[in-house]
Amino acid sequence: MTNVDIVFGGFLVSALRSATPLVFVLVGETLVQRTGSINLGVEGQMLMGAMAGYGAAALWGDPWMGLAAGALAGMLLSSVHGLLTLAARANQFASGLAVWMLGFGLSAYYGAGLVGRKIEGFGPWRGAGLGDVPVLGSIATGMTPTVLLALVVAPVTAWWFWRTRSGLVWRAVGESPDAARAAGVKVPWVRLQAILLGGLLSGLGGAALSVDHTRTWAEGMTAGRGLVAVGLVIVARWNPWWVLPTALLFGGAEALALRLQTADSGVSAHLLLTLPHITSLAVLTLTCLRDRGQAAPAGLRAVMDR
Amino acid sequence: MTGRTMAHVRTMAAPLGRPILAATAFVVLAAAFFVVIGRNPFAMIHLVLVAAVGDGYAIGESLVRATPILLCALATALPARVGLISVGAEGQFYAGAIAGTGTVLSMLPAPGWTALPLMLAVGALGGMAWSLVAGLLRTGLQVNETISTLLGNYVAALLVTWLVYGPWKNPSSQGWPATAEFPAAARLPTFFDSRVHAGLLIGVGLAVAFHLVLTRTRWGLVLAVLRSNPRAGHVAGLDFRRNALLAMALGGALAGLAGVAETASIQGRLQADIAGGAGFSGFLVAWLARNHCLRIIPLSLLVGALLASGDGLQMLAQVPSSVTLVIQSLLFVAVLLVNGWIDRKRSA
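Chains as they are written, first to last, in my numbering: chain W, 590 to 895; chain L, 526 to 873.
In case anyone wonders, no lab produced these hints; they're calculated from the structure.
Idealized CB from N, CA, C, for every residue including glycine.
Errors might be hidden in some of the hints.
Stated by the list, open to error - Stretch by stretch, here's where chain L covers chain W in the computed footprint (C-beta under 8 Å, at least three residues):
id: 1; segment: 667-679
id: 2; segment: 697-708
id: 3; segment: 819-830
id: 4; segment: 855-862
id: 5; segment: 866-878
One chain only, chain W, in its complex shape (with noise of 0.2 Å):
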């Protein structure tokens, strides 16, 4: 490899790894907060899609079941904050910190037999022939499964939704409940399915993060990542075209963070640790301070003004 592989081609591999999980949460989540709803569960979504997710790749001893049981509990767990918001109507944030509390004790309690344990990871993939190509082949050779699904998903669901009759009707329930009523649209009901997609995705998500980018499965081990992307809707504008190039801050960050503690930078790893929730804060902030919260669906806005 030469210099030129190393700084760019590896750091942009690692920053789209550690960006990949948080791709399928920050979709989902942008699809729910869409249509008028928001869930800070997404985090004890992503713990729950990630210990079953590990725990299905450990039992069967294939990657891809994992993520599958990933997605599955994800959804799942997801059900309960439909249930809480829609019909029991329940505060959204209050709902979204008892799935999220749920999530963690359920992942923690089921997932301590899996502490330790090994799984068999996807295969290498060969790169499709890119190998010896300079900046290019050491992207191509260091993609995994889970990389290039999220770089199919978030394009996909951007075109759904922008381009596609469906679409239309979901973005009418976040940006005018009533007139999507009027027309005779079930708001709940695309609320619920919206609810269900995004805990599939964040699920998915914790399954990328266990199977696939880190390979252990640790109690509480997404450290945030779902309520970073909670923050991370607001400055991709909850448009899912924007949702790659957002998580790559994050992973950019986190990726950074791991190069400086390679490379014996004398700062603490603990201290390099705090960058990903930081950036997120500080890209957060300068969106805030740009639209002054306008941006967000109407639909939206009546929750987060209370």
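Dock chain L against the given chain W, drawing on the hints supplied.
Showing chain L alone in chain W's frame:
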């Protein structure tokens, strides 16, 4: 009975209906969870009670656990009184622990009687400063305070980990990452030969004090107006920013106090993960109490006892302590379900 007496009975029973329904829903959910994990629900609920309040030691440990939760619940309730949803008590707890520990470490090796009050004051200031970051972001730039306080929690926890592994690590503690032990002059007095410390009395006293301030003074009224109708508050010349910052600052100070008290009295040194979720349990308690400072006192005792029972359950029933985390969240779910359902019936 006439319709009028029926209505009267219903109004009288209403304040009791909620807790009874919520408690029933909670017990049903908890029992269901015990069935799912293959345990006899009746035996388990009995064991939870024994482990929480079975003897003097159990009661003491429940009170120890309740102390930081009580202060963190007040830290959540104050900003909520002006309409802010702060979930930052955990981070403010750590900030208070850092500030208080720094004060004590700087006074070693022989701190005088000033150590204790100074440590508590600086700890409260540390929590206040941490909370004000989120408060200023909210009032100045409209950054959602729920998200910023949640992110701040992770940063504060990592700062503690950094300090106890790095600059503040006690060299004589070998591999164990913790600061030097606090001298006797920097410890809160304890009661009845148990670990229950003066922090509990401070917490109860502050809960009563804030209840009086919020219900009997003009400031309490100002907060109520700003929460229920910000526009009317603005017209009446009330300053949302100033009052929101004040509520965030006072809340942060309370959580910071919880952090420094826990560090000085229970652990006797600063170490990682010292909050142990007290900030989040405090949020739950504030929500259960509907931000009513007096109701926070019994409810934090309840949640503290529930969490303390986890340690006993590990011994008595060989279940991991994560079970109590699940039970705690089921309490939250039950209350949200019942409250939401009743409010919906009422508005329909």
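8 Å C-beta test of the segment 855-862 of chain W against chain L, three or more residues: The restraint on the segment 855-862 of chain W holds, since 4 of its residues have a Cβ under 8 Å from chain L and three suffice.
_Coverage of the segment 697-708 of chain W by chain L, judged on three or more residues with CB within 8 Å_ = holds (count 3)
Under 8 Å between beta-carbons, do enough residues of the segment 866-878 of chain W, three at least, approach chain L for the coverage claim to hold?
holds (count 8)
Just to make sure I understand the rule, a stretch counts as covered if three or more of its residues have a C-beta closer than 8 Å to a C-beta of the chain. Does the segment 667-679 of chain W meet that for chain L? Coverage by chain L holds for the segment 667-679 of chain W (7 residues, Cβ < 8 Å).
Given that the segment 819-830 of chain W was listed as covered by chain L, double-check it with a C-beta distance under 8 Å for 3 or more residues. holds (count 3)
The structure fails none of the hints (numbered hints given earlier).
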